[in-house]
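Below are the chains, spelled out letter by letter.
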Amino acid sequence: MTMLEKLMPKSDDFFSDFEAQAATVVEGAKLLKLLLEDFTDVPRKCQAIKDVEHKADDITHRAFARLHTQFITPFDRAEIHRLLSRIDDVLDLADAAAERLGLYDIDQVLPEARDLAAVLVAQALKMEEAVKGLRNMKRDPGTILEACKEMNVLENQADHLTRTTMAKLFKRGNDPLTVIKWKEIIDLIETATDRAEDVANVIEGVVLEHA
Amino acid sequence: MTMLEKLMPKSDDFFSDFEAQAATVVEGAKLLKLLLEDFTDVPRKCQAIKDVEHKADDITHRAFARLHTQFITPFDRAEIHRLLSRIDDVLDLADAAAERLGLYDIDQVLPEARDLAAVLVAQALKMEEAVKGLRNMKRDPGTILEACKEMNVLENQADHLTRTTMAKLFKRGNDPLTVIKWKEIIDLIETATDRAEDVANVIEGVVLEHA
Amino acid sequence: MTMLEKLMPKSDDFFSDFEAQAATVVEGAKLLKLLLEDFTDVPRKCQAIKDVEHKADDITHRAFARLHTQFITPFDRAEIHRLLSRIDDVLDLADAAAERLGLYDIDQVLPEARDLAAVLVAQALKMEEAVKGLRNMKRDPGTILEACKEMNVLENQADHLTRTTMAKLFKRGNDPLTVIKWKEIIDLIETATDRAEDVANVIEGVVLEHA
Chain A
1 MTMLEKLMPK
11 SDDFFSDFEA
21 QAATVVEGAK
31 LLKLLLEDFT
41 DVPRKCQAIK
51 DVEHKADDIT
61 HRAFARLHTQ
71 FITPFDRAEI
81 HRLLSRIDDV
91 LDLADAAAER
101 LGLYDIDQVL
111 PEARDLAAVL
121 VAQALKMEEA
131 VKGLRNMKRD
141 PGTILEACKE
151 MNVLENQADH
161 LTRTTMAKLF
171 KRGNDPLTVI
181 KWKEIIDLIE
191 TATDRAEDVA
201 NVIEGVVLEH
211 A
Chain B
212 MTMLEKLMPK
222 SDDFFSDFEA
232 QAATVVEGAK
242 LLKLLLEDFT
252 DVPRKCQAIK
262 DVEHKADDIT
272 HRAFARLHTQ
282 FITPFDRAEI
292 HRLLSRIDDV
302 LDLADAAAER
312 LGLYDIDQVL
322 PEARDLAAVL
332 VAQALKMEEA
342 VKGLRNMKRD
352 PGTILEACKE
362 MNVLENQADH
372 LTRTTMAKLF
382 KRGNDPLTVI
392 KWKEIIDLIE
402 TATDRAEDVA
412 NVIEGVVLEH
422 A
Chain C
423 MTMLEKLMPK
433 SDDFFSDFEA
443 QAATVVEGAK
453 LLKLLLEDFT
463 DVPRKCQAIK
473 DVEHKADDIT
483 HRAFARLHTQ
493 FITPFDRAEI
503 HRLLSRIDDV
513 LDLADAAAER
523 LGLYDIDQVL
533 PEARDLAAVL
543 VAQALKMEEA
553 VKGLRNMKRD
563 PGTILEACKE
573 MNVLENQADH
583 LTRTTMAKLF
593 KRGNDPLTVI
603 KWKEIIDLIE
613 TATDRAEDVA
623 NVIEGVVLEH
633 A
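Residue numbers (the working numbering), protein chains in the order written: chain A, 1 to 211; chain B, 212 to 422; chain C, 423 to 633.
With the rest of the complex left out, here is chain A (with noise of 0.2 Å):
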């Protein structure tokens, strides 16, 4: 990269790399919750799902260096990476979660699992809404705000669907091994809609800063 290049603004990148990434992260959800409905040729969906990973690792890593090396920023250099790092951690504990799945030699879904997912999906929408407006936050902050409420209000229900599903997993008498593959799977689901709850954490800072 040359020294004018280095200088020339090309600071909108930064909106395309959001979008970008939040689209891989509504893809990768989706797939999961199909593999989870519909838990036949697991091989192969969890292959997919791999395969939407890396498609969003390369986004991340090529934003990462452009932060280092463009001297042009819309917002806060500090918040463009946490943004791009925790959207980046939606998708990689998506993907953690579908590979136990593949893994973990499971014989039945449990089904809270799919309600989970769902909620993930309705979230990971929802930060696709927010992201799409940062483009324009000036303009229209409230619609952007709005979409970051629902996310946490989401991450709520996530959060509640998972601690009701340990309880009823400790309560069914179920085998040890099966409970603790599923804690673990159920858990790496939750993290993700955490992660989802603090890329809309930072939006709303980036948004009642610069809006």
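It is worth saying that the hints were derived from the structure and are not from the lab. Quick reminder that beta carbons are idealized off the backbone N, C-alpha and C, glycines included.
Output of the computed footprint for chain B on chain C, the stretches with three or more beta carbons under 8 Å from beta carbons of chain B: (1) 483-495; (2) 519-525.
Here are the computed distance ranges between Cβ atoms for each label pair: (3) 78/A x 469/C: 38 to 44 Å; (4) 322/B x 65/A: 51 to 57 Å; (5) 77/A x 490/C: 19 to 25 Å; (6) 174/A x 283/B: 53 to 59 Å; (7) 269/B x 142/A: 18 to 24 Å; (8) 499/C x 319/B: 49 to 55 Å; (9) 537/C x 58/A: 27 to 33 Å.
Chains B and C: place on chain A using the hints.
Coordinates of chains B and C only, in the frame set by chain A:
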């Protein structure tokens, strides 16, 4: 908020936020300790902790909004963000532990969990002391640094207690599901003491830089 | 510290701190590998790792104090903070794994845990290489970036090893308590390799920005 309000320096409000947050941590930690000491009327006691946690969320959310809109802050914006987040985490984790105590069909309290909650209460009281000192940090930095040091010592105690408790749980030939439940609850309280140590580290940095 | 000392640029000290930290990580990771390869004389070997970890804590604590009091730093203060924290985390986690090996009444070492510790040692050596390069990053950025890339590759290996190990543990019809113990130990070592990857990412960013 008008531009004039934005420009008005009301940076002292952040000290009030930290103090209000710390007070809720003390309150929540004490309620968790009481729940573990007298494990009756559990749903009501869990709800009381949840209520404190909601109050804390409101304080934190308001402070974040102010952080993004106010021009003058008493110290580095990133440090204030970190401090608000980490104090908030402590209570969130104490509440998460309480929730599981309410949901997981627990017959008998693990005695070591009480000791761990007692360490958390001691740490919360030191946190309150440290946070109250911030307002006058130039006058008396020594008291703050001493409180931070004691928070670190208490975290080490919690860490040690957690590991020996887990070792005991594994040895007693306990029912695996009981072990999984208590491992989660113990880990949550121990992570609360970790976040309190993070609070101490942030405060120590602020004092070294500004006092 | 006098105002004059505060003003004196001794920014090179941070490079010495990173190098001293990285050396303790190599030392600790090697001791963990040795413990897993020859599981005798366990309390003494665990104590040796704990001693290294205490030495590392002193280095980190001194560096943090300097970071808050020194005016001139070789690169962005937030990046130095992140780098010191993440390197410190790697050894903390290796030590946490060792402690559990000492406490959990373990008869027989899981062979895969040795492979995982070997990956951590390889990563620690690459970390040392990358960190040593920072002092002259303008002269030879390529070597640093290469080491960072290999740290990422090693983290992927650790990740894959962890998942297949857990799958095996679940399949072997193992005793649930044994599974819980090894899951925790394996997760701790794997998280150590995650933090090492974070170190690589921070270093990569610093090099892209400054070299």
